[in-house]
Structures are given as C-alpha cells and as structure tokens.
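Chains as they are written, first to last, in the working numbering: chain L, 91 to 525; chain V, 91 to 525.
Treat the hints loosely; a few may be bogus.
Part of the chain L face toward chain V, derived, beta carbon under 10 angstroms [unchecked claim]:
| hint | residue |
| --- | --- |
| 1 | 104 |
| 2 | 164 |
| 3 | 363 |
| 4 | 399 |
| 5 | 407 |
| 6 | 409 |
| 7 | 521 |
Among the chain L residues that face chain V by a calculated CB cut under 10 angstroms, a handful are [as the list claims (entries may be wrong)]:
| hint | residue |
| --- | --- |
| 8 | 167 |
| 9 | 169 |
| 10 | 241 |
| 11 | 366 |
| 12 | 369 |
| 13 | 379 |
| 14 | 403 |
| 15 | 406 |
| 16 | 442 |
| 17 | 446 |
| 18 | 448 |
| 19 | 467 |
| 20 | 470 |
| 21 | 481 |
| 22 | 508 |
Hints were generated in silico from the structure; no laboratory data involved.
Quick reminder that beta carbons are idealized off the backbone N, C-alpha and C, glycines included.
Next come the chains, spelled out residue by residue.
There are 2 protein chains.
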Amino acid sequence: MRLLLKNGIIISMNPQKEIMKGDILIENDKIKKIEKKIENEADEIIELSERVVLPGFVQSHVHLSQTIFRNSAENRKLLEWLEERIYPLESLHTPESLRISAMLGITEMLKSGVTTIVDFGSVKYYEEVIETIYEAGIRAGVGKIMMDKGFEGLREKIDTAIDESVSLLEKWHNKEKRIFYLLEPRFVLSSSFELLRETVKISESKNVKIHTHTSENKQETEKVKEITGMLPFEYYEKIGMVGKNVFFAHAVYIEQKEIEIIKKTKTGIVHCPITNLKLGSGIAPVPILLRNKINVGIGSDGAPANNNLDIFQEMKTASLIHRPFYGIDELDAFSVLEMATVNGARLLGIENITGTIEEEKKADLVILNLEKINSFPYTDLYSAIVFSASSSNVEMVFVDGRMLVKNGKLLIWDEEKILKNAKSIFKKTFLNKRR
Amino acid sequence: MRLLLKNGIIISMNPQKEIMKGDILIENDKIKKIEKKIENEADEIIELSERVVLPGFVQSHVHLSQTIFRNSAENRKLLEWLEERIYPLESLHTPESLRISAMLGITEMLKSGVTTIVDFGSVKYYEEVIETIYEAGIRAGVGKIMMDKGFEGLREKIDTAIDESVSLLEKWHNKEKRIFYLLEPRFVLSSSFELLRETVKISESKNVKIHTHTSENKQETEKVKEITGMLPFEYYEKIGMVGKNVFFAHAVYIEQKEIEIIKKTKTGIVHCPITNLKLGSGIAPVPILLRNKINVGIGSDGAPANNNLDIFQEMKTASLIHRPFYGIDELDAFSVLEMATVNGARLLGIENITGTIEEEKKADLVILNLEKINSFPYTDLYSAIVFSASSSNVEMVFVDGRMLVKNGKLLIWDEEKILKNAKSIFKKTFLNKRR
Numbered sequence: 091m092r093l094l095l096k097n098g099i100i101i102s103m104n105p106q107k108e109i110m111k112g113d114i115l116i117e118n119d120k121i122k123k124i125e126k127k128i129e130n131e132a133d134e135i136i137e138l139s140e141r142v143v144l145p146g147f148v149q150s151h152v153h154l155s156q157t158i159f160r161n162s163a164e165n166r167k168l169l170e171w172l173e174e175r176i177y178p179l180e181s182l183h184t185p186e187s188l189r190i191s192a193m194l195g196i197t198e199m200l201k202s203g204v205t206t207i208v209d210f211g212s213v214k215y216y217e218e219v220i221e222t223i224y225e226a227g228i229r230a231g232v233g234k235i236m237m238d239k240g241f242e243g244l245r246e247k248i249d250t251a252i253d254e255s256v257s258l259l260e261k262w263h264n265k266e267k268r269i270f271y272l273l274e275p276r277f278v279l280s281s282s283f284e285l286l287r288e289t290v291k292i293s294e295s296k297n298v299k300i301h302t303h304t305s306e307n308k309q310e311t312e313k314v315k316e317i318t319g320m321l322p323f324e325y326y327e328k329i330g331m332v333g334k335n336v337f338f339a340h341a342v343y344i345e346q347k348e349i350e351i352i353k354k355t356k357t358g359i360v361h362c363p364i365t366n367l368k369l370g371s372g373i374a375p376v377p378i379l380l381r382n383k384i385n386v387g388i389g390s391d392g393a394p395a396n397n398n399l400d401i402f403q404e405m406k407t408a409s410l411i412h413r414p415f416y417g418i419d420e421l422d423a424f425s426v427l428e429m430a431t432v433n434g435a436r437l438l439g440i441e442n443i444t445g446t447i448e449e450e451k452k453a454d455l456v457i458l459n460l461e462k463i464n465s466f467p468y469t470d471l472y473s474a475i476v477f478s479a480s481s482s483n484v485e486m487v488f489v490d491g492r493m494l495v496k497n498g499k500l501l502i503w504d505e506e507k508i509l510k511n512a513k514s515i516f517k518k519t520f521l522n523k524r525r
Numbered sequence: 091m092r093l094l095l096k097n098g099i100i101i102s103m104n105p106q107k108e109i110m111k112g113d114i115l116i117e118n119d120k121i122k123k124i125e126k127k128i129e130n131e132a133d134e135i136i137e138l139s140e141r142v143v144l145p146g147f148v149q150s151h152v153h154l155s156q157t158i159f160r161n162s163a164e165n166r167k168l169l170e171w172l173e174e175r176i177y178p179l180e181s182l183h184t185p186e187s188l189r190i191s192a193m194l195g196i197t198e199m200l201k202s203g204v205t206t207i208v209d210f211g212s213v214k215y216y217e218e219v220i221e222t223i224y225e226a227g228i229r230a231g232v233g234k235i236m237m238d239k240g241f242e243g244l245r246e247k248i249d250t251a252i253d254e255s256v257s258l259l260e261k262w263h264n265k266e267k268r269i270f271y272l273l274e275p276r277f278v279l280s281s282s283f284e285l286l287r288e289t290v291k292i293s294e295s296k297n298v299k300i301h302t303h304t305s306e307n308k309q310e311t312e313k314v315k316e317i318t319g320m321l322p323f324e325y326y327e328k329i330g331m332v333g334k335n336v337f338f339a340h341a342v343y344i345e346q347k348e349i350e351i352i353k354k355t356k357t358g359i360v361h362c363p364i365t366n367l368k369l370g371s372g373i374a375p376v377p378i379l380l381r382n383k384i385n386v387g388i389g390s391d392g393a394p395a396n397n398n399l400d401i402f403q404e405m406k407t408a409s410l411i412h413r414p415f416y417g418i419d420e421l422d423a424f425s426v427l428e429m430a431t432v433n434g435a436r437l438l439g440i441e442n443i444t445g446t447i448e449e450e451k452k453a454d455l456v457i458l459n460l461e462k463i464n465s466f467p468y469t470d471l472y473s474a475i476v477f478s479a480s481s482s483n484v485e486m487v488f489v490d491g492r493m494l495v496k497n498g499k500l501l502i503w504d505e506e507k508i509l510k511n512a513k514s515i516f517k518k519t520f521l522n523k524r525r
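Chain L with its partners taken away, still in its complex shape (with noise of 0.2 angstroms):
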C-alpha cells in the first residue's frame, strides 16, 4: 500500500531542521520518499494544500488510568490529592472501567495530534489498558504501577509487582515495534529499596527502560530525603537507577548537585508543567536542563492534575512558564516542539522510527490546518504551531501509516459511543463510591 500525501509544508523536525514545500510518499508503515515532487507511485494520493505535516506529537507522561477522574480531585496538592483521591479512585478501578478510562485518554489524544504516549500504568488490570492502546493503533510506552508501600487499597507484595510486570513484559515489548514495555515503579515514597533494587536487575537482564516520578513536590522530595538520608538523584545514582534507560517526570526540586547526576548519566526528564502549576507544585528548572544537553520530552500527566491531555496547551505553557526568570530565548516555540516530538522518542529509545520525519521512518505523522481563525495567519511557522494551534487545528493523524484521525475526526472508534458508555460506567463504579 503506497499512499502520497501531495504539497504540504514539511516541518522535518530533522538535524537540520529543514522546512520544505513537497511531498511524502508512505509505503505501508514507513516514510519512503520526501521530494519536493513525487509523480505515479501510489495507491492513493492526499493533496495536501500546503497543511503543515510534523511528526506525531510525542505525550512522554500520561496515566490512562486516570483520565475517567477528570474534575475528580480539585484543589488538593500532590499529596493530598493522591491519597484522599487518586489513590481511593484507582482502587476502585474494574477491567471496565480502566479500559473505558484509557478509550478517553487515548481518544483525546490523537486529535490532538499525539502518535506516541508513554502511560504510567495501574497496580491492577494493566493489560486491559495494553490491549487499548494496541487495538487503537497509537505507538506507547507501557507499565505496570509496581508500588509495594503506602495506601492499603493498592500496594502489592513486591513478588507479585515484579512477577506481573515480567510476565506482561514478554508477552508485550517490542510489539510491532509499537508497544514497548517499561518498568514502573511509582515512585519513593510508594516503592521499598528493595522493590527499586530489583526493578534495576530487571531493566538490566531485560534491556527495557524504567520511568518513574521524582521531585515534583517540596513535601515529597522533603520525605524522600528523610527516608533515604540522600538528595533523590544520589539515592536513584546509588541503587543504579540512572543512566539511559531511565526517565524521570518532573524534577521540579531538584538541586544542582542532581543536575550533575542527570546530565553524567544521561538520565531522561519529562516537564508537566501544567500539572506542576495546578497542583501548586512548582516550575521544573527545564533551561537549566536543557543547558546542559539533558533530554527533556513533556508530558500532560493524568487528567485530574491538568485538566486535560492536550499536547498544545503544554506546549504552550512549557514555553511561556520559564521566561519571567530566564527570559524570552530558552524555550522557544522550536525547543519545545523538540520536547514534544524527538526529544520524546529519544526518551523511549526509539528515534531511530519515529519523532522526526525522515526517510524510512515510522509514517507518525499529524497534519494540521493553520488557516483558522485562531491561527491565522501564520507567518512564523514555529510560533503558529507552539503559540496559536489547537486540537481544532488537527486534521488527520497517522500511526505507522495508517490513517486514524481524518477530518478532525476519530476513524478507530464512535466518539459518542464511547462518552456513553464512560457516563454509565463512572455513575456505576466511582460516583459518590468510596473506598
């Protein structure tokens, strides 16, 4: 199958940050030729108009499993908000209701141009959230939550957490090159010593990556110092779990002796800042970061810490947060585009198929119509993009080739469907529900 897509304006996102008027030839799931003009290859041929193609937006930080409790745990700071709600609500989670939650998240995502999504999991019935994402066609970083401390509903023998993430781990990495699997634990002040230990053992024997949550909150970060007696990043240098198949949300406290750790390890970060905002947590010092050559991807985080998963407005947010106190040039609308498409894949090990649009890579592509009225014009392309685009901008989106928004609209499932069905199952499982 050969599909062209005719006269776009190509936004590479390459090392050299090309920019061209022409066209993309697709065969099957990978990019087969860019050119200014390419004539009778293909099965199918998309004329384009000069839309704006990227690569597919790349969420390095979402958890599916919450996306059903959206306007569910209002004015909480972290803490607070995960034990007298998140925690309680993810409790309460059925096979259900975890796979309806996920049909949200994902749905919201792909219109808004996301391909790629790293998901921290659930403690229980991950594999309906795997089997989700597999079906809707999205590329993602999975896992289990493997917490082995803390809230009673939820944490697990660290056996069992590591048994079920093994077992889930080869049955799902590397599937299709689509479905890669990572190890999750959630983070200090849920996850024992011994259980991050053997989470390292594993991600060795195994080579699959590790994400995790650090230094979002003073609090938190505070108690994971009491706990350890080190600043998080020498305790995570300590039990080996830095280094490049490791990533880490947040880092909003961390000090500059952890800067050194990150950047000599080569440890991955993801910004939220939206979530840092609304849960009063704090701003990451990402310039500071990106100074230093650390790779940074940026994440909306759950639904009911944001509240929504619009890679747009994250964008937007990344870039605009940090220039009261570094100043206009840092995060400019091109840097956070970087977080948002290469930097990602980069943070996943997969640049080499996807984040870029280059030949012989992955078709992640998202096409977007600039010329509306929230967006025109657009005579900067970058800022158009970062600064004025919304979901409303996105037309179609592929995922190795295939096309699964079209018109603005989601080919995979019925939308409607699919918010009626959500609407009786949170009635049934959460509303007014406590554990």
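Chain L is fixed; fit chain V onto it per the hints.
Just chain V, lined up with the frame of chain L:
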C-alpha cells in the same frame, strides 16, 4: 419575541453563587424569568438537555486592530515588540485592513463564548472597528488610541487625538447600551502629561471611563519613573487618572504604595497573564490585588502577544500561574470565572446589565456542552469550565438575546470568507512591507 431555554444547568455567578437546574425565559434582549420550570410562554423553545449556561464572558483587554499581526512579532520583549514590529505594522493599516482584523478577532472571541470585549483601538480609522463591532452584535468598550509621543508614523497632535476621541464619543457612547466609549491614551511612554491631563478633564466632563496600559514590563516601568520622577500610580494619582472611572491593563511591576492607591481610589485592573509571560514581562501580583478587594478583570491582549484571543486559555493560565508562589487556594476556578464575567462588567460600569445571569439583565449567555472528550467527567463544574473546557465546548452564544453562535458556528458572518479576505488583505497591506 420570547425565547425559552429549557433544562439548563444555570451557573448564575450571582452574589449568592447559585447554580440551578432550570429554565430561562428571554424576552427580546432581556432575561425575563429564571425558574425551575417555565411553561408555554415562548415563541421558540430550545432544549438544553442539561448543558451548562453561563453569563457571557468579558474579555477586558484586547486589540482588535492587531489580530491580523498574529505570529508576526515573535521573540521580542515589550518595547522592542512595539518599536520594531507593532508600531510599524499598525501604521500600515488601511480602513479595509482594520475592518478585517476586527472581524478576525471578533469571530475568534464569539466562538469562545465572549459577549463583551474591551477594545484598545487604533490611532487612525478607528470608526471602522466600532462599526464592525456594532454590526457583529457583540457588546464592547471601544476607544481610539491617543498618542502624542514616540513612533512617528502613529503619533498625533494632542488636539487631533482629543477632538477625534470626543467626536467618536459623542456619536457612539452608550449606543443601544451596547457600545461604551472609553478614552484610551496608549501609555506614559507615548502619551504626554498634557494629553493625560486633557483625557482626565474629558472623562470628568463627559462621564466616560479611561482605559490604558501600565507597569507591564520592568524597563518600561523604569522609564516611566525616570520621566515622571514618581512611581507610575503616584503619577496617575497626581493627575487625577485614578478612580472608579479608570482601569489599567497589566500592573505587573507595582509596589505596595501603588497597591494602596489602586485600592483607595477603586481603580480597576486587567490581568493579561499569557501576554505577560509571552513577552517575558513577568507575573502580576493578582492574588494580592484580590486580597485587597481590588476589581480585576481578565484579557488576552493582542493576538501577536498571546497568540490567541481565547478566554478559556486565559482563565486556565490565570488560575495556574500564581500557584507556585501563593498556593492553590487563592485564584481558584470560581474566582477566575468571576474575573472573566462579573468583574469585567464592573470595569466597564455595566454590571447592572451583564456579567451574571439574573432577571432583568441583558440576555448575554453562553451555552457549553461539557459532555465532550476534553471535559468529561465534569463532576466539579467550575473546574471543568476553567481547567478542561475550551472553545470546542461552546455551542451557543447570545448577546442581547440574539443568537450569534449556534452549534459552535458563527451565524453573523461567513468564517471561510473572512479568512479568504484576510489572507489577500494581509498579503497586500502587510506582508514584507516596512514603513
């Protein structure tokens, strides 16, 4: 003409903060009755099926003349942004380009549920904009920009500035209680002491309000101190440009002394958080202003500084941006919604006719469908509106009881045609032109 809106979730924003399920009877331009159930009294009935009804939003500081400069003034801080891009572009405006720029902005705002705007005008041809606003059917504070210093292609003699303003004022002020004239000196760096004094005199003699910019950027604020030998608000107090008839955009760099002047004189402030971030200006101390019971509205400012005119983005950012410094409690979703409705009406002195849903007020309403993928579940209504909703949730917009938006589509103009015209006018008048 009697129109009955049935079965809405009415978020009144009235002093009792009432939310009720019920019906609204609109008679001509007014809200005639709000009750649990109203029967058989209308010429037309619209079934809302528990959609949310809000007072129309008030955008308290925008520049319609700048909409067509969106994405054309990037990567600059305020003074360079003005001198190198905005002033030269504004000086190229023709009556035709002003009109289309206003149409672009009004369309964007109406579609995001705004029913009242405060426009910071243009130096020349401003009546084109007033007429466009009037024809659109939106409610507005309007004013010609007065500047007698600075950029050569824009500045005018004091007499010209004042005479033109008075003539527009006499023609348009209070027209159909929908157009309200404002005296608008640009800011201290481009408006002389004499111009400001004259402005105050006319404001007093004609009983019209004054709207201007202040203390947006550090460099600008320092210059004002140099020129006047005082803090900006000491200067305004000295020349009588404070009080219930005056409101200022920005107020990022203000000292405690100035907060006391603002409070004592009941001067109004407009918070423009996104623009203040984008131009690297800073973060206005809004929680402190609100603690001092100062009336604060909210505004997107101009499209080239934002780069949208989206009240949802502005509300979300306003609630988020202060949290790392002041905690999560002060600018909660409800307070921000007040800023974007009743506080804005109060700045214009029209809180008796708009800004809340109450009987005998004008029927300025927005109907939101929160049962969408970006906002479901909407268990906490205020949070769902401020943190989850976007223009895509706006289904209907009424001003003076007249429906201007239906099913998210503008009824008054052909949006495609506006974009097409804007494209050709932009090319002809601005693209690659320099003054």
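ask   = Of the hints given before, which are not true for this structure?
value = Of the numbered hints given earlier, those the structure breaks are 1, 9, 10, 13, 16, 17, 18, listed in rising order.
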